[in-house]
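**Student:** Next come the chains, spelled out residue by residue.
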Amino acid sequence: MWATNLKVIGVVLGTLFVYTLICNKIPQMQSEVPQKITLGPNATPEQIAAAGEKVFSGVGGCGACHGLGTRAPNLLTDEKGTGQIGARCGKREPGKTCKQYLFESLDQPTAYVVSGYQPIMPRITKLVPPEQAWALVAYLESQGGTVDVTGADLGAAASAPAPAAGFAGGSTDPKALIKEAGCRNCHMLDGEGQTIAPDLTHVGSRRDAAAIRKKIVDPASDVTKGFESFAGVMPKTFGTDMSAAQLDALAQFLAGHK
Amino acid sequence: MTTHLLLSAAADSVRSYGEFPVIGARGAVWIAAQVHLMFAAFVLGVPMFAVVAEAIGIFAKDAKYDGLAKEFTRLLLVAYSATAIWGAILVFLLSTLYTRFWAYLTTVFGPSMWLYAGLFFFESFTLYLYYYGWGRWKYGRAKIVHWTLGILLNVWGTIVMLIANSWLTYMMTPPRDISSTTDPTTIKLWHAISNATWMPINIHRLIANVVFGGAIAAAYASYRFLAAKTDEERAYYDWMGYVGNFIAMSALIVLPFAGYWLGREIYQYDQSMGITMMGGFMSWLWVIQAFLIAVLFLAGNYYLWIGMGRIPGAERFRPYIKYLLIVLVLGAMVWGTPHTMIADSKELAAMGGSHHPLLGALGVMSAKNTAVNLMILATFLSFLMYRRGNKEFTVPWASTGTKIQGAMFVIAAGIVLFYGIRGYFVEAIVRIGFSVYQVGAVLACILCVTVIDTMMARGAKSVGEIQWGKMPARSQYALFILAVTFTWLMGLMGFARSGIRQYWHIWQVMEDTSKYAATPALGYASRMISLCVLIFLGLVGFVFWLGGLAEKSTFVSPGKEGQNVGH
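Just so you know, the sequences run in chain order U and E. Positions 1 to 258 (the working numbering) are the ones given, in order, by the first sequence. Positions 259 to 825 (the working numbering) are the ones given, in order, by the second sequence.
In short, the hints are calculated from the structure, not lab data. There may be inaccurate statements among the hints.
To be verified - Capping the alpha-carbon separation at 30 angstroms, the derived lysine-lysine pairs in DSS-like fashion look like this: (1) U:K54 - U:K7; (2) U:K225 - U:K214; (3) E:K773 - U:K54; (4) E:K328 - E:K401; (5) U:K7 - E:K773; (6) E:K446 - U:K214.
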């Protein structure tokens with residue numbers, strides 16, 4: 001009987017040992033708490049970019065999508081012959097410098113979506129403090145380009161009060177809200193936009209303002225026939241990003257599109 | 259408002275975090291929560307197992323199942339105490355080590371916590387009635403009433419689980435209108451309970467508990483088998499081990515689908531949380547999970563294949579086993595292929611992307627979904643061969659029926675492969691939808707083939723009785739590995755679920771500002787999980803030993819007791 005007991009204990013301990021050993025042999029990654037960047041106003045571009053690299057592969061989790069060539073554009077390696085992100089960022093959006101474009105992509109990811117990809121990127125400025133977002137911009141610029149983020153940018157970001165105005169600067173202008181939310185990245189409206197999601201040009205003839213508001217707040221509540229395979233693509237965050245007045249203004253505006 | 263002011267005052271005057279010697283506050287809460295959860299799964303899974311076994315005993319008039327149900331219910335008596343003790347330890351640790359967080363949670367969920375405690379009371383007394391009434395309410399209508407008590411026991415247990423799930427899912431996915439500035443006293447209880455992941459977790463845990471209950475039951479039986487002194491006893495525990503394993507493996511087949519729903523809800527709730535879970539710092543965790551599930555599939559099938567040795571006539575299926583083994587091994591290799599790994603820029607540049615240029619093609623969802631669905635089909639085929647082992651069908655359409663079954667397997671495998679390959683040529687959002695077709699094909703195949711098999715088995719000739727007890731000892735060790743692996747996997751997935759909150763107690767509502775806020779790497783997590791599993795299995799072993807000490811085994815041999823339980 002003791003032999004059986006020992007064998008059973010041996011099997012249990014052996015199995016636990018193997019599982020624990022394997023888990024300790026693979027690369028060890030701890031998810032760190034975002035730390036305040038302590039670089040001063042005299043920090044060099046290299047120091048800022050190095051801080052940004054930690055954010056990129058740490059709390060930012062950027063490598064989870066960028067680099068596969070399927071979920072999101074490659075950033076550190078070539079993207080379809082256009083080079084690394086630092087080399088192409090200045091040519092992405094007309095009128096925007098590399099620095100402006102990269103920060104916008106972290107703060108308002110749906111404002112400009114690269115052709116061939118879905119608007120699935122989360123708002124990084126909600127996940128990390130502004131100075132870390134700027135460090136990230138510096139790191140991305142360093143990938144094939146020139147870093148022009150300075151210590152002053154970090155200092156200004158760190159000392160700046162949190163934007164109190166909120167979504168679209170607090171504006172209740174439906175057109176500003178549509179632009180900020182990036183609705184046209186998927187929807188067609190008044191002849192502009194994409195056809196990934198239902199055309200909103202005559203949305204008021206299909207839904208009243210209350211139904212449109214509900215759909216904005218909870219996109220999964222009702223999926224338009226013919227677009228079932230795209231269910232889940234629309235961000236669910238507009239309900240919390242926009243104020244009640246903004247949601248009402250947007251819903252009324254769209255309901256007027258008969 | 260007054261409560262809020264009091265809470266704020268308390269938060270200001272009382273420390274937010276306490277400290278625990280040696281293992282730290284996080285380690286202490288981790289162990290208490292995990293061991294409590296394992297016992298909770300045990301006391302929820304085993305009554306499901308017991309009540310189904312009792313029903314089979316009543317309706318199939320087989321006393322053996324009734325004895326099985328009673329034997330497990332006896333183990334529950336001690337296990338309930340252990341669950342309550344670990345629950346109390348958890349509450350004490352949370353209230354003293356995570357004071358601010360606990361105050362918040364009790365403010366939002368207070369009334370449901372009272373209900374939780376009350377239900378535990380009802381559950382315990384229903385269990386006492388169920389167990390101690392077994393001998394008294396054994397026949398006729400009284401037996402049905404007794405069985406109803408078993409159902410009631412499960413109802414209480416399930417409600418208890420639903421309540422506890424609401425607390426932990428709220429921590430993961432609090433309703434979107436709740437933010438860090440929301441006064442917790444203004445949050446409506448039902449609003450907090452019915453959060454985005456509550457129902458997916460409920461379903462996932464319910465199924466997982468059946469798997470867990472079956473696996474622990476099988477491990478218990480295998481120990482008793484190895485310790486048995488007579489052939490009769492060995493036969494009984496061999497049979498019990500088979501039933502436990504069958505229940506665990508059957509429920510395991512459904513579990514990935516519930517997990518898929520949960521994952522989808524997490525993605526829909528917050529894309530960044532989903533990405534952290536699947537592709538961020540936790541990406542290696544899924545490779546380990548794939549390895550563990552491969553162990554489960556291989557050990558479960560191995561047990562079935564060895565079991566064919568005690569079934570006269572099953573030797574005709576033996577030549578096919580090697581092909582099933584090939585499918586399972588290849589499937590496990592594909593499923594375990596890493597894909598999205600966090601790497602530094604030099605590593606990324608060396609690979610030309612964040613995945614290996616050759617293996618990366620096997621690490622994507624299309625390949626993995628295909629692999630796991632084929633593994634499920636292979637396991638089902640193993641079970642089908644086992645079931646048919648000693649049967650010779652006598653229905654005139656047996657040959658046609660078998661051909662139809664074969665065609666169903668081929669069609670299901672074809673659909674799985676077709677969508678698996680096509681997934682490489684479409685966009686991600688379309689590819690995700692393909693998994694539904696793959697899963698649908700496999701489930702439809704399992705359902706239709708089972709129905710046809712059941713109809714064909716009517717009036718089938720027996721080539722010979724199953725020789726229960728004639729199993730080599732190594733088969734029983736496979737059952738132990740299954741139980742340890744299920745338990746360890748439960749700990750790992752608990753870490754994944756809890757870890758995706760990262761440095762938040764409550765996602766984007768209450769930040770963890772303690773020195774343990776960083777989510778540890780898998781190495782540390784694995785040591786904690788192994789420690790928890792060791793504590794749990796050690797205590798369960800003690801419970802089993804007590805069960806044997808208190809009363810002799812209830813195994814029933816033909817002729818010793820009436821066969822018609824409940825009639």
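**Student:** Indicate, hint by hint, whether the structure satisfies it.
**Tutor:** Hints, one by one, checked against the model:
For the proposed pair U:K54 and U:K7, the alpha carbon gap of about 47 angstroms is over 30 angstroms, so the pair is violated. Distance check on the hinted pair: U:K225 and U:K214 sit about 17 angstroms apart at the alpha-carbon level, within 30 angstroms; holds. For the hint pairing E:K773 with U:K54, the CA-to-CA distance comes to about 20 angstroms; that is within 30 angstroms, so the pair holds. Only pairs whose Cα atoms come within 30 angstroms are accepted, and E:K328 paired with E:K401 is accepted, the gap being roughly 13 angstroms.
Among the hinted pairs, U:K7 with E:K773 is inconsistent with the structure: their alpha-carbon atoms are about 41 angstroms apart, more than 30 angstroms. A threshold of 30 angstroms between alpha carbons decides the hint, and for E:K446 with U:K214 the separation of about 20 angstroms falls inside it, so the pair holds.
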